[in-house]
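*Asks:* Construct the entire structure; sequences and hints are all you get.
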Amino acid sequence: MKKIVLFITVSVIMLMAFTTTSFAQLPLRVVVNGNRVNFPDAEPFIDDNGRTQVPVRFVSEALGAEVGWEGSTKTVTISQGDKEIKIVIGKKDYTINGEKNLMDTEALLKEDRTFVPIRFVSEGLGARVDWDPAVRTVYIDTREKGDIKDDTPKDGSIIEVDGYLVPNDTNIIIVKAQRSYIVETSIAINFMRPNFEKQIEDLTFALENKFGKDIANEVRKHVEQKKSRWHYLPEKYIYVEETNQYIWIRKSIGEDIPIEILIPGYVPDTSEYDDVVVEWEN
Numbered sequence: 104m105k106k107i108v109l110f111i112t113v114s115v116i117m118l119m120a121f122t123t124t125s126f127a128q129l130p131l132r133v134v135v136n137g138n139r140v141n142f143p144d145a146e147p148f149i150d151d152n153g154r155t156q157v158p159v160r161f162v163s164e165a166l167g168a169e170v171g172w173e174g175s176t177k178t179v180t181i182s183q184g185d186k187e188i189k190i191v192i193g194k195k196d197y198t199i200n201g202e203k204n205l206m207d208t209e210a211l212l213k214e215d216r217t218f219v220p221i222r223f224v225s226e227g228l229g230a231r232v233d234w235d236p237a238v239r240t241v242y243i244d245t246r247e248k249g250d251i252k253d254d255t256p257k258d259g260s261i262i263e264v265d266g267y268l269v270p271n272d273t274n275i276i277i278v279k280a281q282r283s284y285i286v287e288t289s290i291a292i293n294f295m296r297p298n299f300e301k302q303i304e305d306l307t308f309a310l311e312n313k314f315g316k317d318i319a320n321e322v323r324k325h326v327e328q329k330k331s332r333w334h335y336l337p338e339k340y341i342y343v344e345e346t347n348q349y350i351w352i353r354k355s356i357g358e359d360i361p362i363e364i365l366i367p368g369y370v371p372d373t374s375e376y377d378d379v380v381v382e383w384e385n
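Remember, the numbering used here sits 103 above the position in the sequence shown when you count from 1.
A couple of the hints might just be wrong.
[As the list claims (entries may be wrong)] Taking lysine-lysine and the DSS-like style, the derived pairs with C-alpha atoms no more than 25 angstroms apart in a straight line are:
1. 301 / 330
2. 329 / 339
3. 313 / 329
4. 324 / 339
5. 329 / 316
6. 194 / 213
7. 213 / 316
8. 279 / 316
9. 301 / 279
10. 301 / 329
11. 301 / 324
12. 195 / 177
Simulated from the structure, these hints should not be mistaken for lab results.
*Replies:* Right under this line is the structure:
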């Protein structure tokens with residue numbers, strides 16, 4: 104009896120640890136006026152003061168602002184219309200149109216990028232800022248309420264679809280393969296569905312949380328080569344060492360880009376590639 108209780112206790116602890124780790128690995132996201140900001144070479148992070156730090160140029164440009172840099176004084180200038188914000192690296196005080204203000208953290212240099220606390224910059228430019236800790240997302244909005252379309256996602260929440268995390272407004276397809284001996288999950292993006300760029304973003308997000316950033320970026324780099332509906336995209340196999348399985352990006356000669364997550368342990372044979380039929384359940 105004691106052994107059974109001990110086993111159950113250990114199992115619960117391991118499950119809780121796994122769940123906590125999985126959600127802690129969600130990447131930080133920044134959404135400006137309903138559009139996710141892409142950070143190609145330096146990711147946002149939460150600093151020791153609990154503030155979200157972002158590469159200043161990408162977010163400022165998403166807000167329609169211009170960014171200047173004075174190397175001798177390590178000063179960042181963010182200008183938009185009649186507003187000008189000046190922030191000095193390593194200092195908590197900053198100015199908005201010459202008027203002094205104080206942050207509870209400071210801007211810094213990291214990975215050859217200038218990082219600034221996003222809330223102070225956005226609010227300094229007159230934007231509304233919200234933080235959703237459940238999905239680790241900063242929402243920034245400069246629009247009047249009447250200008251926001253009814254179909255704009257209101258909460259930006261993350262949902263789980265067959266084991267993959269995706270934004271609740273995603274239009275990519277994710278289904279468990281029901282009658283295939285080699286395919287675990289099928290994913291598809293499509294040129295004819297709205298916002299192909301966002302489909303790629305959502306695909307990257309789903310794969311990053313499942314297989315890690317490097318794998319997700321490798322898939323993204325390949326599918327981004329398809330530039331139009333009829334552009335030919337060759338097939339590609341990407342091995343995931345951690346789970347011992349392959350991601351099969353099937354060749355695309357039309358509007359669809361099918362992506363098959365093969366079962367762990369299965370080693371594809373190139374002679375069988377075009378013969379595999381995956382049945383999707385409606």
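*Asks:* Take the hints in turn and mark each one as holding or not.
*Replies:* Structure-based check of each hint:
1. 301 / 330: The given pair, whose Cα atoms are some 14 angstroms apart, holds under the 25 angstroms limit.
2. 329 / 339: Judged against 25 angstroms, a Cα distance of about 13 angstroms means the pair holds.
3. 313 / 329: With a Cα-Cα distance of about 24 angstroms, the restraint between residue 313 and residue 329 holds, given a limit of 25 angstroms.
4. 324 / 339: Holds, at about 11 angstroms.
5. 329 / 316: holds, 21 angstroms
6. 194 / 213: holds, 15 angstroms
7. 213 / 316: Holds - the C-alpha atoms of residue 316 and residue 213 are around 19 angstroms apart, at most 25 angstroms.
8. 279 / 316: At roughly 22 angstroms apart (the allowed maximum being 25 angstroms), residue 316 and residue 279 satisfy the hint.
9. 301 / 279: holds, 22 angstroms
10. 301 / 329: Given that 25 angstroms is the threshold and the Cα spacing comes to 14 angstroms, the pair holds.
11. 301 / 324: Measuring from Cα to Cα gives roughly 14 angstroms; hence the hint holds.
12. 195 / 177: Cα-Cα ~13 angstroms, so holds.
Checked against the numbered hints given earlier, this structure breaks none of them.
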